Amino acid sequence: MIRFVAHRFVSMLFVLFSISVLAFLIFFATPGVDPAARIAGRNADQATLRAVRHDFGLDKPLPVRYALMMKKLFVTRDLTSYVNRGAKVIPQVTQAAPVTLSLVFGAAIIWVLASIGMGMLAGVFRGKPIDTVVMVVGLIGISMPVFWLGEVVNLFTQSRLHGSVFSWVPPLGYVPFSHSPFGWFKSLIFPWLTLSILYIGIYARVLRSAIVEAQEEDYVRTARAKGLTERRVLFRHALRTSLIGFVSLFGLDFGALVGGGALLTEVVFNLHGVGKLTYDSLQNLDLPVILATVIYAAFFVVVANAVVDLVYAWLDPRVRRA
Amino acid sequence: MSGAIVGEVPAEAGDLAAVAVGPWQLARRRLLRNRVALGMAGLLVVIVVLCLCAPLYADHVAHTDPFRSNVSGTTIVNGKPVPVMKSSTQGLGLGVTPIGPTWDIHHYFLGADEQGRDVAARLLYGGRNSLLIGTSAALITCFLALLVGGVAGFFGGIVDGVLSRILDVVWAFPVYLLAISLSTVLIARGLSFGPIHLTSGSLLLPIAIIGLVYIPYVARPIRGEVLSIRRREFVEAAIGLGASNWRLLWSDVLPNVITTAIVLFPLMLAIDMLTEAALSFLSIGVQEPNASWGTIILDGQDVLYTRPAVALAPGIAIALTVLALNVLGDGIRDALDPRAKLRRTDS
Numbered sequence: 001m002i003r004f005v006a007h008r009f010v011s012m013l014f015v016l017f018s019i020s021v022l023a024f025l026i027f028f029a030t031p032g033v034d035p036a037a038r039i040a041g042r043n044a045d046q047a048t049l050r051a052v053r054h055d056f057g058l059d060k061p062l063p064v065r066y067a068l069m070m071k072k073l074f075v076t077r078d079l080t081s082y083v084n085r086g087a088k089v090i091p092q093v094t095q096a097a098p099v100t101l102s103l104v105f106g107a108a109i110i111w112v113l114a115s116i117g118m119g120m121l122a123g124v125f126r127g128k129p130i131d132t133v134v135m136v137v138g139l140i141g142i143s144m145p146v147f148w149l150g151e152v153v154n155l156f157t158q159s160r161l162h163g164s165v166f167s168w169v170p171p172l173g174y175v176p177f178s179h180s181p182f183g184w185f186k187s188l189i190f191p192w193l194t195l196s197i198l199y200i201g202i203y204a205r206v207l208r209s210a211i212v213e214a215q216e217e218d219y220v221r222t223a224r225a226k227g228l229t230e231r232r233v234l235f236r237h238a239l240r241t242s243l244i245g246f247v248s249l250f251g252l253d254f255g256a257l258v259g260g261g262a263l264l265t266e267v268v269f270n271l272h273g274v275g276k277l278t279y280d281s282l283q284n285l286d287l288p289v290i291l292a293t294v295i296y297a298a299f300f301v302v303v304a305n306a307v308v309d310l311v312y313a314w315l316d317p318r319v320r321r322a
Numbered sequence: 001m002s003g004a005i006v007g008e009v010p011a012e013a014g015d016l017a018a019v020a021v022g023p024w025q026l027a028r029r030r031l032l033r034n035r036v037a038l039g040m041a042g043l044l045v046v047i048v049v050l051c052l053c054a055p056l057y058a059d060h061v062a063h064t065d066p067f068r069s070n071v072s073g074t075t076i077v078n079g080k081p082v083p084v085m086k087s088s089t090q091g092l093g094l095g096v097t098p099i100g101p102t103w104d105i106h107h108y109f110l111g112a113d114e115q116g117r118d119v120a121a122r123l124l125y126g127g128r129n130s131l132l133i134g135t136s137a138a139l140i141t142c143f144l145a146l147l148v149g150g151v152a153g154f155f156g157g158i159v160d161g162v163l164s165r166i167l168d169v170v171w172a173f174p175v176y177l178l179a180i181s182l183s184t185v186l187i188a189r190g191l192s193f194g195p196i197h198l199t200s201g202s203l204l205l206p207i208a209i210i211g212l213v214y215i216p217y218v219a220r221p222i223r224g225e226v227l228s229i230r231r232r233e234f235v236e237a238a239i240g241l242g243a244s245n246w247r248l249l250w251s252d253v254l255p256n257v258i259t260t261a262i263v264l265f266p267l268m269l270a271i272d273m274l275t276e277a278a279l280s281f282l283s284i285g286v287q288e289p290n291a292s293w294g295t296i297i298l299d300g301q302d303v304l305y306t307r308p309a310v311a312l313a314p315g316i317a318i319a320l321t322v323l324a325l326n327v328l329g330d331g332i333r334d335a336l337d338p339r340a341k342l343r344r345t346d347s
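Top to bottom, those sequences are chains A and B.
Under the working numbering, the first residue of the first sequence carries the number 1, and numbering increases by one thereafter.
Under the working numbering, the first residue of the second sequence carries the number 1, and numbering increases by one thereafter.
Rather than coming from a laboratory, the hints here were simulated on the basis of the structure.
Quick caveat: nothing in here was measured; it's all calculated off a predicted structure.
There's no promise every hint is true.
[Said to hold, decoys possible] Derived list of chain B stretches under chain A, where covered just means 3 residues or more per stretch with a C-beta under 8 Å from a C-beta of chain A:
(1) 23-29
(2) 267-277
(3) 309-320
(4) 323-332
[Stated by the list, open to error] Computed from the model, here is a short list of chain B residues facing chain A with C-beta under 8 Å:
(5) Asp168
(6) Ser181
(7) Val185
(8) Ala188
(9) Leu282
(10) Ile284
(11) Ile297
(12) Gln301
(13) Tyr305
Beta carbons are placed, not taken as given, at the ideal position from N, Cα and C, and that holds for glycine.
With the hints as extra help, turn the sequences into a complete structure.
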């Protein structure tokens with residue numbers, strides 16, 4: 001197990017390094033892209049361009065620039081924005097992170113509970129009308145673009161029904177938990193629901209097919225044969241193994257969402273999380289901020305991947321030998 | 001006709017008898033028996049045909065140019081001419097509100113957007129772009145994934161090591177952020193790479209970006225399958241007969257993994273269309289004055305509370321298309337996937 005952990009850790013570092021190089025190359029070495037022109041403005045003359053290149057170290061060779069960038073990002077932590085001169089990038093990311101975490105945690109709780117309920121209902125009543133209903137609802141959830149769903153939700157909660165049923169919904173934006181726990185809840189409940197709908201659909205379908213498959217396994221037949229109640233067979237035998245795939249999928253999606261997958265939801269609901277930060281810096285092409293958020297995101301995804309693999313290896317010893 | 005023959009015998013016996021007619025025909029029969037999937041395929045055909053008719057609609061039915069702003073134009077409602085943009089009656093009376101849906105197929109059926117352009121006509125033109133980008137990107141993904149996954153799984157060794165590492169890195173890069181990063185850089189300037197010059201408005205940019213970022217999702221399962229096929233007896237036999245590598249790849253490996261690519265194609269298409277919509281919504285996909293369903297949702301965001309139809313219509317179009325693709329994809333998987341067949345005969 002220790003060898004497996006060590007091996008996994010090394011490969012994690014390799015992937016993180018590669019991603020940072022890839023992100024750096026995309027932003028600073030794509031043919032035809034000149035960051036200096038972007039910093040200096042549209043009609044800058046050659047002398048200004050040269051000065052800007054020198055100031056930002058853009059005239060150095062690529063590997064040196066990569067090293068400088070990483071040093072500013074991780075060691076001295078004083079990477080500054082190209083657009084808002086002097087604004088440090090790292091504090092912006094750390095300020096935005098709690099918003100994203102609040103959004104993703106809440107949505108995750110909703111989608112896990114709802115999809116386990118729906119998946120089990122559909123799996124147990126396979127072929128019955130309730131199975132069809134649950135699966136159709138799940139499919140519709142998967143098929144809607146999340147930002148569009150968010151707009152529809154806004155249309156009703158902020159405008160059309162705001163005078164009657166949804167008068168308690170605060171204006172779009174984030175209320176910090178420390179400021180007012182109830183206000184925090186009210187400001188996030190609709191973003192949570194919107195974000196979780198897609199995942200409820202996916203996870204309910206995954207769990208249903210896992211339960212259906214488990215029902216035909218020998219160990220479930222054995223459990224039935226030795227006279228266990230149907231409920232016990234379902235909860236203690238069929239569901240438990242079905243949840244292994246579910247858990248690993250959850251780890252990956254959770255990492256991806258914390259890492260910026262919630263960008264569209266944050267934009268539509270005006271929550272100033274990491275995704276919104278990425279989006280805003282996208283609008284004015286603030287490359288250092290985008291680079292920082294992308295690397296922050298990749299970090300979460302890679303760590304989530306590694307944790308999932310470790311949990312898998314811990315659950316299933318066969319994986320460790322692979 | 002084949003439906004009638006299959007209908008006479010029980011499904012199980014039909015499956016057994018049909019084994020003799022080959023896997024493709026068997027899959028086709030199974031798919032034809034799946035009413036829901038067929039219905040969704042029909043819906044898709046309707047959507048595609050409607051979108052292809054976009055120029056016909058704009059020129060001969062609505063008589064509008066959906067790519068030119070028409071802020072001071074007029075249209076006809078109940079036989080009377082009305083301005084496309086009405087002055088606001090609220091507050092200081094500043095600003096204008098576009099006309100809402102008239103439900104008159106000849107005059108601004110779904111209303112106008114903020115520039116006075118016909119939303120219905122833009123919806124059809126936008127659908128053409130969304131479908132074109134989704135389809136091309138999914139084709140690129142499946143083709144390159146077959147190539148990369150096939151070569152990596154078949155040759156193994158260093159080739160596999162390098163290709164798998166690259167796939168791992170792209171896989172670990174959050175897919176939306178990779179697409180966003182590439183789009184931000186490329187759409188701002190266009191791409192000039194050697195002899196290739198693409199302007200920022202070119203549809204090839206979103207097609208290439210979306211097509212590339214999803215390659216690991218298809219290439220990884222294909223690589224795994226090729227690895228196991230490589231060790232099967234019929235491949236050993238072909239090697240024993242002295243077949244070349246390319247012959248092995250082409251006539252022994254490819255026919256066995258192509259089903260995976262076919263099963264994944266409609267699902268990739270669905271994902272690609274959602275990604276295209278997201279990128280366009282973030283204004284780094286299809287560029288003005290060109291339209292896609294994503295850009296129309298973006299246009300509709302500004303008039304969401306006054307004219308919700310602008311944003312609602314393209315969203316419904318995307319949701320219907322993606323829903324149809326998902327159901328059809330499930331149907332094709334059930335028809336083609338041998339594991340699904342096994343499960344059905346078991347139960």
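Hint by hint, here is what the structure shows:
Counting residues of the stretch 23-29 of chain B whose CB lies closer than 8 Å to any CB of chain A gives 0, which falls below the minimum of 3, so the coverage claim is violated. For the stretch 267-277 of chain B, the assignment as covered by chain A holds, since 3 residues bring a beta-carbon within under 8 Å of that chain's beta-carbons and 3 suffice. Given a C-beta distance limit of less than 8 Å, the hint that chain A covers the stretch 309-320 of chain B holds, as 7 residues qualify and 3 suffice. Coverage of a stretch by a chain is defined here by at least three residues with a beta carbon nearer than 8 Å to that chain's beta carbons; for the stretch 323-332 of chain B and chain A the count is 3, and the condition holds.
Given the 8 Å rule on beta carbons, the hint for Asp168/B holds: about 6 Å separates it from the nearest Cβ of chain A. For Ser181/B, the interface hint holds, the least distance from its beta-carbon to any beta-carbon of chain A being 5 Å, beneath 8 Å. Given hint, Val185/B at the interface with chain A, holds; its Cβ is 5 Å from that chain's nearest Cβ, closer than 8 Å. Given hint, Ala188/B at the interface with chain A, holds; its Cβ is 6 Å from that chain's nearest Cβ, closer than 8 Å.
Hint on Leu282/B holds. Least Cβ distance to chain A is approximately 7 Å, under the 8 Å limit. Checking Ile284/B against chain A: minimum C-beta separation of about 7 Å stays under 8 Å; hint holds. The restraint placing Ile297/B at the interface with chain A holds, with a minimum CB-CB distance near 6 Å, inside the 8 Å limit. Against a cut-off of 8 Å between C-beta atoms, the interface hint on Gln301/B holds, since the closest Cβ of chain A lies about 6 Å away.
Among the interface hints, the one on Tyr305/B holds; its C-beta lies about 4 Å from the nearest C-beta in chain A, closer than the 8 Å criterion.
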